[in-house]
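Starting from the known structure of chain F, arrange chain S with the ligand on it as the hints suggest.
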Amino acid sequence: MSLKGAAYIAGIYEHPTRLAKDISLAQIHAEVARGALADAGLTKNDVDAYFCAGDAPGLGPMSMIEYMGLKVRHADSTDIGGASYVLHVGHAVQAIAAGKCKVALITLAGRPRAEGMATGTVPRSRGGTPTPDEPFEFPYGPTVVNMYGMAAMRHMHEFGTTSEQLAWIKVAASHHAQHNPHALLRDVVTVEEVVNSPMISDPLHRMDCCVITDGGGAIVVVAPEIAKSLNRPKIKVIGTGETIKTQMGGKVDLTYSGARQTGPEAFAMAGVKPSDIKYASIYDSFTITVLMQLEDLGFCEKGKGGAFVSDGNLISGVGKLPFNTDGGGLCSNHPANRGGLTKVLEAVRQARGEAHPKVQVKNADLVLAHGTGGSLGSRHGSSTVILERE
Amino acid sequence: MAQERKLPAPSVSDETRVYWDGASAGKLMVRRCKTCGEAHHYPRAHCPYCFGVDVEWIEASGKGTLYSYSVMRRAPVPYALAYVKLAEGPTMMTNIVDCDFDKLKCDQAVKVVFKATEGGPALPVFTPA
Ligand SMILES: [Zn+2]
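Protein sequence lines correspond, in order, to chains F and S.
So the first sequence is numbered by my numbering: it starts at 1 and just counts up by one.
So the second sequence is numbered by my numbering: it starts at 1001 and just counts up by one.
One chain only, chain S, in its complex shape:
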């Protein structure tokens, strides 16, 4: 773990600014529909289930389980691409960091941490809980 992969900066739009401002403040933000009650990810200004536009931002607990992962061995710095299923419902693409990649297992508990990007907002990533 001597080397860390450099994280490119995500592009921020008005639609997603709350999410990225939250990440930079150490909060994982999720959008939830006030009409049908479903949370979704990636965040949109509408609900992809009922197409309602009354979608609120909630702060997620940061807890989740590792749905799946794959360790890219052919990169200059190997890294673990993953999907984490959040306690709040949605599954999000992410990285698993600060751990022994060979010990990862699907469905294990993970928790959010935040890493700096190259000149952009912080990025939510996960580590074994």
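Only chain F is shown next, with the shape it has when bound in the complex:
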């Protein structure tokens, strides 16, 4: 049985804050839930399924369902890092198709800025029982940035990708962010400014890295009969895919991501091809993340991502594939160091025609959102959704 069109995204909300000093983590989850339900025209008591990941406090669903006062028949806290919430959309579709629920709420929230977390440049032990990989990695000082740096370095070596090409990704995001009043960074930047920003971990400069922000967001996925009863644009989920890519026991290959599997799966389910997609939200923890996902999803040939992203090809109104028109994680928001949920939000805005007029893609009736959570340099989760405006 195909799950194509088995559910719709009816409500979305992005918290406007980027620094949440005086508000608790649980409170942000509740605020974004309230926002997304109001956007859909639903109430808390309509929710019968709840989804969250490792950013939620305590025991995830148990803690948050109690705090918000939900009563559910279905809960899912699958955590694949920042890509979790794209995966949750797929899982919500599955649960709705299986008759387990009708109104699924997905929330994300975090306060890494308020908590003064050294997100990208300090090796972090997870604490507790060490993962089996930890003794063989942690002593060497893996951080978020140098792990993605190794993926970028190998891509440059094998395919001749350049720092200038990667910089175009940040440039495109900055062109979009200037129109987003909530974006953390709203200045338009040039390729020269990106490649001349301080080197963090070769070959990634500061401006190749996403922002660190507090905040969050929420998504409401509903059954078709609920979507039909609501006075909102009908955004149908027509394709999903998920996987985990690993080091494969030592057969490390940093030149591709899990999108190589999730992209074709989602496209096959949707019955469309990459060239049909009018707008794409692409996970942008780093510029290299975007480049590799574009290749793996099939928007261009493997190794040709550098040429594909150059010369403004990702800028709305300029290039062939407008991406991250809210400014994305590179310029606007990367709440809780997890950028997947906001990817879905901007894809829904585009499909509804509710993006900022300066970046709205004409007739964006077919859009894609993709997430990469964890590390391109070792193990990561990948998740793709394709959405269609009915």
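Source of the hints: derived by calculation from the structure; they are not laboratory data.
Fair warning: there could be bad hints in the mix.
Said to hold, decoys possible - Chain S stretches covered by chain F per the calculated footprint, using a threshold of three residues with CB under 8 Å from any CB of chain F:
(1) 1029-1042
(2) 1052-1059
(3) 1076-1085
Backbone N, C-alpha and C define an ideal beta-carbon position, used for all residues, glycine too.
Frame of chain F, contents of chain S with the ligand only:
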């Protein structure tokens, strides 16, 4: 190279003790499956390819090539995180040490050396061959 980065001690379990004892004795140990013949890393009590449990320890040659690397410039002591592809097959995470980081190149030959950790077993790292 005046300063060296302090290396945290890895946690040792019964599953991995041979690896760490080997490192402290100046040997790089790799696990190889006697059922399917594949070597793997990080070492496990089972083979991640065929899931067999007849996995032996072999001493690796210590030779390899630099698959990729990244020099963390924002650390108190900059260091090179790397993946080295061992002559025996598996690719392992490591550091490249005792060299000019600006001259590193993917696919160059490297060889294993061992560095002391803070209160734990020695750690295999690599240097240009
Ligand atoms: Zn085997």
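Going through the hints against the structure:
1. 1029-1042: Since three or more residues must qualify, the claim that chain F covers the stretch 1029-1042 of chain S holds, with 5 doing so at under 8 Å.
2. 1052-1059: violated (count 0)
3. 1076-1085: holds (count 5)
Violated hint for the displayed structure: number 2, the only one.
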